[in-house]
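Protein chains in written order, with my numbering: chain A, 34 to 197; chain B, 599 to 686.
Note that these hints are calculated values from the structure, not bench results. Here a beta-carbon is modelled for each residue, glycine too, at the ideal position from N, C-alpha and C. Any given hint could turn out to be false.
Stated by the list, open to error - Chain B regions said to be covered by chain A (calculated; three or more residues, Cβ under 8 angstroms):
{"id": "1", "region": "607-619"}
{"id": "2", "region": "656-664"}
Stated by the list, open to error - Calculated cross-link-like contacts (lysine-lysine; reagent style BS3-like; alpha-carbon spacing at most 27 angstroms):
{"id": "3", "chain 1": "A", "residue 1": "K137", "chain 2": "B", "residue 2": "K613"}
{"id": "4", "chain 1": "A", "residue 1": "K45", "chain 2": "A", "residue 2": "K137"}
{"id": "5", "chain 1": "A", "residue 1": "K147", "chain 2": "A", "residue 2": "K137"}
{"id": "6", "chain 1": "A", "residue 1": "K147", "chain 2": "B", "residue 2": "K613"}
What the hints assert, rightly or not - Ranges of calculated distance between the beta carbons of each label pair, as one might list FRET restraints:
{"id": "7", "chain 1": "A", "residue 1": "T44", "chain 2": "B", "residue 2": "K613", "range": "45 to 53 angstroms"}
{"id": "8", "chain 1": "B", "residue 1": "H672", "chain 2": "A", "residue 2": "A129", "range": "52 to 60 angstroms"}
{"id": "9", "chain 1": "B", "residue 1": "L641", "chain 2": "A", "residue 2": "I111", "range": "35 to 43 angstroms"}
{"id": "10", "chain 1": "B", "residue 1": "R646", "chain 2": "A", "residue 2": "P102", "range": "55 to 63 angstroms"}
{"id": "11", "chain 1": "A", "residue 1": "P74", "chain 2": "B", "residue 2": "G633", "range": "29 to 37 angstroms"}
{"id": "12", "chain 1": "A", "residue 1": "S118", "chain 2": "B", "residue 2": "L641", "range": "42 to 50 angstroms"}
{"id": "13", "chain 1": "B", "residue 1": "A621", "chain 2": "A", "residue 2": "A56", "range": "42 to 50 angstroms"}
{"id": "14", "chain 1": "A", "residue 1": "D116", "chain 2": "B", "residue 2": "L641", "range": "43 to 51 angstroms"}
{"id": "15", "chain 1": "B", "residue 1": "P612", "chain 2": "A", "residue 2": "R52", "range": "40 to 48 angstroms"}
{"id": "16", "chain 1": "A", "residue 1": "R168", "chain 2": "B", "residue 2": "P626", "range": "47 to 55 angstroms"}
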Amino acid sequence: MPDLIHRPALTKEPLVGERIRLAPMPEGTLLEVRGPQAELPALEAAADAAGLVIRTNGPDQWFAISGQPMLRLDLPDIFSVTDQSHGRVRIAMEGAAVDDVLAKGMAVDLFDFKIGAATTALIGHITTHIARLDRDRFELTVLRSFAESLWHDLETMSAEFLDR
Amino acid sequence: MASLITCPHCGQRPKEEFAIKGAALARPAPDAPQGEWYDYVFLRTNPRGRYEEYWHHVSGCRRWLVVTRDTASHAVEDCRDAAERAPT
């Protein structure tokens with residue numbers, strides 16, 4: 034059998050401006066986890082041991098994420114896990130203007146969106162999971178087939194801040 | 599149509615993030631007479647004023663919500679998770 038070749042869904046060069054930077058993130062491991070909110074500490078401990086980070090995704094729902102591929106998450110039976118590693122793509126967005134850019138296409142009030150917060154919302158017409166990793170840094174997670182379209186929207190939204 | 603919905607999980611969001619199923623009615627018993635089921639499936643009151651509907655937060659938390667809104671003024675009176683509310 035021939036070797037399978039990994040082809041990323043989003044093959045874009047980073048978009049760079051003084052106050053904004055967009056870049057595709059490595060397609061590693063992305064697991065969708067469902068389970069009772071009360072068991073979150075157990076999930077966090079298991080994810081920590083597996084080298085995955087947890088992002089909240091609505092009530093009783095999380096993503097377990099890493100840039101490393103093929104990570105395994107062992108959880109009690111009360112959780113259900115769906116491997117979305119090849120189903121979703123992450124985009125990193127950072128810079129002083131990141132709030133201004135996102136506000137053009139999304140209705141979440143970023144003033145109240147604290148570091149570590151994450152939610153799912155519409156950016157334009159595309160459902161996107163957004164997580165604030167730092168004051169000026171976001172991680173956007175989108176369905177693989179929408180990644181190019183979202184990138185195009187983000188490029189348009191960032192246009193005024195890009196060096197070109 | 600009310601344009602901003604305060605989702606109990608996600609906060610204030612635009613209506614474009616939601617899909618509307620329709621009136622939140624009490625489901626008849628499985629062995630209820632056929633007439634009762636016919637009304638439940640097909641008959642709607644279409645009131646002017648207060649109305650309870652099932653909304654799905656498709657582009658958000660993906661939870662089913664019950665939105666109480668006014669069909670005339672578009673004011674949203676209440677919005678809660680469908681799991682927390684027994685149909686009336």
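Which of the listed hints are not met by the structure? Hints 7, 8, 11, 15 contradicted; others consistent.
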